[in-house]
Amino acid sequence: MEKKEVDAVVREVVGMVLQRPIEPGEVVSRDSEPAWDSLKHVEIVLALEGALAFRFNEDELSGLDDIPTIVDVAERHLAA
Amino acid sequence: MTHPAVFSAARAEPGDGAGWALERAAWQPVVFAERPRRFDLLRLEPRWPLRQARLVVHRNQPFELIVTPLKRFMAYAGFALELTVGPYDDSLQFATDDLAADAELIWLDFGRYDQLSEDVLSAWLRDRIKARREQCSAPILVADIAPAEDSEQRMNDRLRSCLDGLPGVNVIAISEIADELGSAFVDERARVITASTLSDDGAIEIARRLAFQWLPPCLEPRIKVVALDLDGTLYSGLLGEEGPSGLELGPAYRAVQEALVGFHSQGVLLAMVSRNQPDDVEALFRDRPDFPLRPDHFAFKSISWGAKADGLAAAAEALRIGTDAILFIDDNPGEIAAAAVAIPGLRCLLASNPDEVVRALRCYPGLAGYRVLTSDLLRAADLSAQDERARIAAQAPEPASYVRSLAVRLGFAMDPQHELARLSELSMKTNQFNTSLMRLSEAEVADRLTRDDYRTIAVALADRLSDAGTIAAIFTRREGRALVVDEIAISCRALGRGAEDALICAAVVRACRELGVDVARFVVKEGPRNEPARNWVSAITPELAPGATVPISDLAKRVAQMKDLITMTWT
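Chains as they are written, first to last, in the working numbering: chain A, 1 to 80; chain B, 81 to 651.
Possibly wrong hints are sitting among the right ones.
Unchecked claim - With a Cα cut of at most 25 Å, we get these calculated DMTMM-like pairs of lysine to aspartate or glutamate:
#1 B:151 <-> A:49
#2 B:151 <-> A:33
#3 A:4 <-> A:75
Please keep in mind that the hints were generated in silico from the structure rather than gathered at the bench. Every value quoted in this text rests on a predicted model; they were computed, and no experiment measured them.
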């Protein structure tokens, strides 16, 4: 899967969990989104795992604080 | 075979009955998947009409991961879920003010009470839930401990026994989901972030069971009839072209038929609605003894080339149920769409593949999760005697001889605790002969059964052709020097045997005598379908203003007139 496809899936999932559309290129992070609390964070992680068919490592979870980071980590898993 | 009429319905746009039915069918691969994916559920947006359902959750652990899947599954079941999740509260103070919920859920991490013995914990929990029971009348679901090893399983058994007898309180088996999923029920990664180890698969399956099995009995009547297509639904192949021997049963279709036989044994009626030649259908069952389904399993058959909606309407009339109590299963989306247009509110399942049908039948909202009552098991036999009753009525020279020939027996019970579920079911689910549509929950009925100035009567009916079981509930109370008959609810399959007068009047007279009053007043509320009940009350009080009292001597005379025709006994 190409990076831009992974980015699209991540944006779609984050948007569905936060219940608002996320535009391509929009800067979205846990700091910028009040609704992105710990439980929403887990929901984003779980939905992405189902969408992309891999599991994040436990030590990766707390660092997935913004869309570019999530995309990078997801890409590494998909390439493995 | 696709007919032009149904093919055009399959192209209907969202926003009408056909479109809604086909959109709902498109959700089936997701909601009935072996393991639904959160990503797929998030993408679903319902575009059909939904009824409101309100759930309050009292908890001391996270519930939030269950919320999104729950709302999607509830939408498939036909409900827009309004959810109130209370604060984290180990003490179960029930801080929320919401007392108007359709159901309440107690969602506890029992590990937080490890310092309490089983005796102390179960006694405390019973007290708290009993207190909540006194505040609200909604059904209360209590989630058990999961996963459950030996000590947790013992506590689950204590939970069930300590809550047994509390009306409208049910323990839901999250532990069964944990058993089925095994290690997949737990995800240790989430503990650091949320203090919960519930996995995604666990959260989604809990959401599905809540929406499809545990909440529907709180919200709507059970599906009473499953109406079935034949070709492509119960077997592979076309009967009219390949003949009985050319059809394939296979393990998957066999599993579908066996599931339906299972529902039949629980009192769900089966109806056949098929476009075929009647002779071919007769040959099918004669020449295929390997089919688990047999002709006797079907309470109704419509085998013709007419519209299936007509067959479904005829089934509803013959079986004396509303079309909203039917689940229609067909492999043809055009047939589904056409039926949904003709019968608004009809529940449909598209039989795209038999494996999906088996999974769907295991958990279909409105089918699974309901207690099987004696009345359910008697329903099919009672209805099958209807044709014979109609024949007797046609030959009877006058109504009294018809009633006498049936040898009707009425059995009355005053304030019967053991009939709590059936009394509530009659209040909740009867539409035609229900005088005031109070829709009493089990908790509300239980409250009436304990009050000194209230009398609740359950009536069972049998005749020489069949035993109908408990078919009537009459709810009364004393107000001043009068008996107020708050509600009369009679199952419509009990009507037409000439027993309504005796049934109602005998119950009301006895209640008056026990409460020391000599007049009765009937509460009547107009509903869309309860004209038969309203007409009966009007006939009893034709010269009186609506709401006026009737002397019990008048009612007693009616009972006396029927004594030679109908046997009446009190237990």
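Report task. Against the structure, test the hints numbered earlier, and report the numbers of the ones violated in rising order. Result -> none
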